[in-house]
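First to last, the sequence lines map onto chains A and B. Residue numbering for the first sequence follows this note's numbering, beginning at 265 and increasing consecutively. Residue numbering for the second sequence follows this note's numbering, beginning at 265 and increasing consecutively.
Keep in mind that the hints are not guaranteed to be accurate.
Identical chains share a label here; the pair holds if one copy fits it or two copies do between them.
[Claimed, not checked] With a cut-off of at most 27 Å between alpha-carbon atoms, the simulated DSSO-like pairs for lysine-lysine come out as follows: (1) 474 to 396; (2) 313 to 396; (3) 478 to 374; (4) 374 to 271; (5) 464 to 407; (6) 344 to 474; (7) 396 to 467; (8) 344 to 323; (9) 323 to 346; (10) 464 to 474; (11) 464 to 323; (12) 313 to 346; (13) 271 to 346; (14) 344 to 271; (15) 344 to 397; (16) 346 to 396; (17) 280 to 344; (18) 407 to 323; (19) 280 to 467; (20) 280 to 396; (21) 478 to 313; (22) 464 to 280; (23) 374 to 474; (24) 397 to 346; (25) 323 to 478; (26) 323 to 463; (27) 313 to 467.
FYI, nobody ran anything at the bench for these hints, they're computed from the structure. Since we're looking at a predicted model, the values are computed, not measured.
Protein chains: 2
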Amino acid sequence: MESGARKTFLRLDREKQRRILSAAIDEFAAWGFHRASINRLVRAIGIAKGSIFQYFGSKEGLFSYIFDYAIETVRFSLKKVKRDTEHLDFYSRVEASLMEGISFIENHPKLYRIYLKMVFQEDFPARDRYLKKIRLFSVDYLKPLIETGIHRGEIRADLDPDIAAFMLDAIFDRFMQAYAVPFFDSEGTIHGSGREEIKKKIKQVIDLVKRGFKD
Amino acid sequence: MESGARKTFLRLDREKQRRILSAAIDEFAAWGFHRASINRLVRAIGIAKGSIFQYFGSKEGLFSYIFDYAIETVRFSLKKVKRDTEHLDFYSRVEASLMEGISFIENHPKLYRIYLKMVFQEDFPARDRYLKKIRLFSVDYLKPLIETGIHRGEIRADLDPDIAAFMLDAIFDRFMQAYAVPFFDSEGTIHGSGREEIKKKIKQVIDLVKRGFKD
DNA sequence: CGCTAAAATGACCAGGTGGTCATAGAGGGG
DNA sequence: CCCCTCTATGACCACCTGGTCATTTTAGCG
Numbered sequence: 265m266e267s268g269a270r271k272t273f274l275r276l277d278r279e280k281q282r283r284i285l286s287a288a289i290d291e292f293a294a295w296g297f298h299r300a301s302i303n304r305l306v307r308a309i310g311i312a313k314g315s316i317f318q319y320f321g322s323k324e325g326l327f328s329y330i331f332d333y334a335i336e337t338v339r340f341s342l343k344k345v346k347r348d349t350e351h352l353d354f355y356s357r358v359e360a361s362l363m364e365g366i367s368f369i370e371n372h373p374k375l376y377r378i379y380l381k382m383v384f385q386e387d388f389p390a391r392d393r394y395l396k397k398i399r400l401f402s403v404d405y406l407k408p409l410i411e412t413g414i415h416r417g418e419i420r421a422d423l424d425p426d427i428a429a430f431m432l433d434a435i436f437d438r439f440m441q442a443y444a445v446p447f448f449d450s451e452g453t454i455h456g457s458g459r460e461e462i463k464k465k466i467k468q469v470i471d472l473v474k475r476g477f478k479d
Numbered sequence: 265m266e267s268g269a270r271k272t273f274l275r276l277d278r279e280k281q282r283r284i285l286s287a288a289i290d291e292f293a294a295w296g297f298h299r300a301s302i303n304r305l306v307r308a309i310g311i312a313k314g315s316i317f318q319y320f321g322s323k324e325g326l327f328s329y330i331f332d333y334a335i336e337t338v339r340f341s342l343k344k345v346k347r348d349t350e351h352l353d354f355y356s357r358v359e360a361s362l363m364e365g366i367s368f369i370e371n372h373p374k375l376y377r378i379y380l381k382m383v384f385q386e387d388f389p390a391r392d393r394y395l396k397k398i399r400l401f402s403v404d405y406l407k408p409l410i411e412t413g414i415h416r417g418e419i420r421a422d423l424d425p426d427i428a429a430f431m432l433d434a435i436f437d438r439f440m441q442a443y444a445v446p447f448f449d450s451e452g453t454i455h456g457s458g459r460e461e462i463k464k465k466i467k468q469v470i471d472l473v474k475r476g477f478k479d
């Protein structure tokens with residue numbers, strides 16, 4: 265469970281660690297877990313094959329290490345948004361959260377790709393373990409946000425919180441997918457847009473949600 | 265492009281064709297395209313390996329045949345819904361369309377799984393070809409529906425049709441995913457529910473949409 | 001029956017896979 | 001200098017992949 269990195273790896277100098285992880289992220293993002301090749305990876309880094317197994321024990325150990333790091337990064341930046349926007353109204357907070365999601369993709373496009381590929385591949389070592397960690401987003405993040413919104417009277421009291429959460433989940437996921445993968449941007453207005461356009465688009469979508477949520 | 269089935273296969277008696285396709289769908293649904301194994305498949309069917317290649321030319325030819333069949337099935341059932349519900353108001357039509365999507369998953373759960381796995385695996389032979397066929401759903405199906413809705417005055421005229429389409433796309437996809445894959449049902453209210461409960465849930469969600477869409 | 005054309009077969013191929021481990025090397029302390 | 005521990009290495013392993021094709025089996029016809 266300690267995500268697969270052996271002490272030998274941690275004793276490496278920072279730069280070599282970075283090179284190895286960066287190449288591994290490239291490999292997993294390009295090919296997904298199963299089709300990623302350790303042979304190709306070590307060729308790209310310029311180290312011996314055995315070293316990877318010395319560092320991480322197995323292919324899965326390597327993947328696990330990267331994935332845990334990615335989840336930590338997401339969780340951290342979301343916590344920050346939640347804290348930073350506490351004084352704002354519900355709809356502004358939702359907009360800020362979605363914008364943070366977009367920023368994450370912008371800063372770590374490959375980590376997001378790895379996530380997408382993992383979610384839809386049902387055969388997977390320890391997949392459930394990863395998914396449970398991710399589910400925190402909806403249950404631990406969105407739901408309290410909604411409850412606060414109801415409490416503050418920004419959301420009508422007769423709206424089922426589960427339906428509201430479903431709606432926001434759906435929109436968040438789809439918006440991020442559309443930003444990252446052209447196919448999901450059926451309307452062709454999200455993928456490849458700049459920050460300001462995205463912000464405007466988010467506002468439009470959340471305004472539409474607002475009409476449904478508010479009294 | 266003629267989706268990979270050779271005449272030899274078409275000359276087989278119906279029952280054997282069915283057995284082969286059914287086993288192939290099982291294999292692709294369980295493993296995805298790349299990890300699906302022809303060896304495993306022929307063992308399950310009880311025929312020689314060479315036969316598959318005689319029938320479909322290649323692994324991709326077999327996949328292509330199945331996928332094209334799946335797309336035809338979806339397109340057919342959607343056309344039917346559109347025709348059958350023409351007299352109803354916009355929101356009832358949307359509800360019926362989503363319900364039809366749920367029915368498809370119920371009747372062909374494995375085909376839906378194959379679709380999901382394909383969409384998120386960016387490396388893929390002829391992936392673009394398949395995706396273009398699917399995009400028809402949003403562009404050819406949803407958009408005219410929305411335009412009719414605006415025309416009839418069931419949707420406020422100042423609502424951007426692209427935003428409306430995005431919203432419905434997001435909700436449709438997520439609802440179907442939640443029905444098919446427990447992970448996406450964060451609120452735990454969709455997956456595994458019976459037809460009547462699903463219908464009620466759909467109504468709730470679309471009612472919420474309606475508040476945003478109507479004047 | 002014999003003849004022929006079509007279909008079924010599975011041994012075989014080249015090329016990959018994740019993982020192992022004996023060996024060589026590096027670095028530091030005495 | 002030796003000695004010892006830790007690290008790096010890549011040849012090697014067993015296994016699996018999609019695909020081929022010479023050979024055998026089957027089916028239909030006269």
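- Item | Up to 27 Å CA-CA - residue 467 versus residue 396, copy category | neither (30 Å within a copy, 29 Å between copies)
- Please work out whether the CA atoms of residue 323 and residue 478 approach to 27 Å or closer within one copy, between two copies, in both situations, or in neither? The answer is neither: 49 Å in one copy and 53 Å across copies each exceed 27 Å.
- Message: At most 27 Å between CA atoms: does that hold for residue 464 and residue 280 within a copy, between copies, both, or neither?
- Response: neither (41 Å within a copy, 56 Å between copies)
- Between the shortest in-copy and the shortest cross-copy C-alpha distance, which are at most 27 Å for residue 478 and residue 374: within, between, both, or neither? Cα proximity of residue 478 and residue 374: none, with 37 Å in one copy and 40 Å across.
- Homo-oligomer pair classification [residue 397, residue 344; C-alpha up to 27 Å]: So residue 344 and residue 397 pass the 27 Å test inside one copy only (18 Å; across, 41 Å).
- Item | Homo-oligomer pair classification [residue 396, residue 474; C-alpha up to 27 Å] | neither (30 Å within a copy, 33 Å between copies)
- Query: How would you label the pair residue 280, residue 467 (within, between, both, or neither) given a Cα cut-off of 27 Å?
  - Reply: Neither. Shortest intra-copy (43 Å) and inter-copy (55 Å) distances fail the 27 Å Cα cut-off.
- Query: Given a CA cutoff of 27 Å, do residue 464 and residue 407 count as a within-copy pair, a between-copy pair, both, or neither?
  - Reply: Close inside one copy (25 Å) and across copies (22 Å); limit 27 Å.
- Query: When no copy is named, should residue 313 and residue 396 be tagged within, between, both, or neither for a Cα gap of at most 27 Å?
  - Reply: neither (32 Å within a copy, 40 Å between copies)
- 27 Å Cα cut-off: does residue 478 pair with residue 313 within a copy, between copies, both or neither? So residue 478 and residue 313 fail the 27 Å test inside a copy (58 Å) and across (61 Å) alike.
- Taking 27 Å as the upper bound on the Cα-Cα distance, should residue 313 and residue 467 be classified as within, between, both, or neither? Neither: 49 Å inside a copy, 56 Å across copies.
- residue 323 and residue 463: within-copy, between-copy, both or neither at 27 Å Cα: neither (39 Å within a copy, 44 Å between copies)
The structure fails hints 1, 2, 3, 7, 8, 9, 11, 12, 13, 14, 17, 18, 19, 20, 21, 22, 23, 25, 26, 27 (numbered hints given earlier, in ascending order).
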